[in-house]
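Those sequence lines, one after another, are chains A and B. In terms of the working numbering, the first sequence is residues 1 to 361. In terms of the working numbering, the second sequence is residues 362 to 693.
No wet-lab data here; the hints were simulated from the structure. If a hint is listed, it holds; no wrong ones were tucked in.
Simulated coverage check for chain B against chain A, where a stretch passes if three residues somewhere in it have a Cβ under 8 Å from a Cβ of chain A:
no.: 1; region: 448-462
no.: 2; region: 517-523
no.: 3; region: 526-537
no.: 4; region: 674-685
Because the structure is a prediction, the values reported are computed rather than measured. Using N, Cα and C, we set each Cβ at its ideal position, and we do this for glycine too.
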Amino acid sequence: MSSVPCAPRRIRPIRPVGYAVVRVGRAAFLLHRRAALVALGLGVLLAASCLAYLCVGESYVQPVEALKVVLGQPSADELVVGTLREPRMVVGLLVGAAFGVAGGLIQTVARNPLASPDIIGISHGASALTVGAMTFGVTSYAVLPYLSVIGGIAAAALVYVFAWRGGLHAARFVLIGIGFAIALRSVTTLFMTKGDYLVAQQAQIWMTGSLNGRGWAEADPLALTLLVLLPCVFWAARAQRSVALDDDTATALGVRLGRVRLGLVLLGVVLASVATSAAGPVDFVALLAPQIARRMTRTAQIPLLCSALMGALIVVLADLLARRLFSPTELPVGVLTAAVGAPYLIWLIVRSRSVRNGGTS
Amino acid sequence: MRVPVRRAAVMMAAVVALLLAVLLSLAVGARAIAPTTVLDALLHGGHSDSAEVVREMRVPRTAIGLMVGAALALAGTVLQGIARNPIADPGILGISQGASVGVVTAIAFAGVHTLTGYVWYAFVGAGLASVAVYAIAASGRGGASAVKLALGGAAINALLVSVTTAILTTKASALDEFRFWQVGSLSGRDSEIVGQIWPFLLVGLVLVLAVARGLDALALGEDVAKGLGQNVATVRIVGGLGATVLTGVGVAAAGPIAFIGLAVPHIARAVVGSDHRWVLPMAAVLGPVMLLASDVVGRVVFPPSEVPAGVMTALIGVPFLVALVRRKAVAA
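Just chain A, same shape as in the assembly (with noise of 0.2 Å):
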């Protein structure tokens, strides 16, 4: 490319309907009018749950007082509020935007809503390394993630792979995915009849995505783990829009389709795998919250934070309800999300127009 004597000049872009351009001193970025605002909806609703999550629970809590511990004023609640259930709820938000913008790139490039972790095998296989290193002893949170990343990606290599034949067809890589998926949830069964039973107990719980007993020992981490792809999930959000062009303009435009789609299944794999590893495969977030804040902000392409946003208030309400719903019995929360994602996904399956591709739009 770089022997090409005069690059291509730089197109000024038109400004495409429904955007606004925001000017911060020498930039200048687009901005989807809808998403600004749905995403500004999302957040309130998000502020809002989170607040009644501090506050209901086995005892109620005084909202003042809930945001009084949130804000570092000394409390009668500090205990209940501060120690228990806000460490828990930032696992819970930290999760939940990790698997909707995981979700979102995967979608994006599979051009499927099909294609989700969950689906494909990525988090089986995070989980599979993951059960299967405590089952031999390592409860370490300062290993397990690794291992969890290692597994995901592990999975991902091995459906592109097989999947890969001159192209990668949808229908054949969603096959494909579920083929492994299944191998390697009964991997991790069998790691499971190995340990004893408390380890199996705690694998099983861990296994449907719990947030229980989790504190900052999991949430801090993980919350670095996120600022260090922060720049990467910037770049992915600018990339997506490149990928969505057909091969031939991509290539006419100068744009790299097969790095950057690797580049963005790279990163999605990654936040799916970190996610899991701290919460467990929480069932359908991936494949939920892309396709809600698509369909809420009406763009072409899955909007990254909406779907982080609507990843993590499906995360903190499923998880609210969880602890509730059969109190004093707690419930994985990836029980209530599957209770809602199951139904879902059939319902995408029923209306799918393009059988064809096994996909929908």
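Given chain A's structure and the hints, the job is docking chain B onto it.
Same frame as chain A, but now just chain B:
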């Protein structure tokens, strides 16, 4: 009469393979026992340690493997026939998971801990799951395509797994019994199971064989089948009932064992053609061969511990599924 002779010869070869698998299953394990000793123990009794191991542990285990392997392979064959879909399999379609939910319900709520008790729960679970998945896949445009079936199965699987987890989380006492059952294994199953499952197996077998002709007609397309005078709805209902009974009893006896129902019918069709009156018996012979072989391999790969047969079949099944999906565009 040339074709039947060839088919009969292939069938003989399959039966020989089955005998070999049975012999291996009886001879190989933590204690390797010479085939002659195995035969001796079976035919002449005797009270040596080896003879006791063969009779008390390996014979029931092998018998369960025979029955479950045949049941799952037949169920897969019929499902592929009535759905006219090459990737139909009780595991992929969530039918096994339905049976699992039935069993965990029986253990946790009904206080049922015997196979004859919870096999009924397994039937109900398997039946509901199969109806649900087929309804999902068949609705909407395009009918029950491979991808829609697989996805419907994945959705139902996820839903049922979450139900199972919800039960196991709230009823911790059930987990310890369930986790060993869930993995899908032939070891540690009660020897009485053999005596308990054969009536169900027989019922399933009769139902399945009854629709063999109907499945052949259905393979030509729904309209042609109707034109040939087949009652398509009856074939689907009876076949589906047979597959449900077979899956339910297989899962209740050995836990969810994946991929036997997927792989075996394809192998059977490859060797005897598409006539279901040959494919079904062939699948019934090859299913146990695959399951017993997986079980034997699982016993020797990581001594002294065993890899359960369900895990081995999944590991063997994945390359198979990959090959199947890659070979030709599975009508998506």
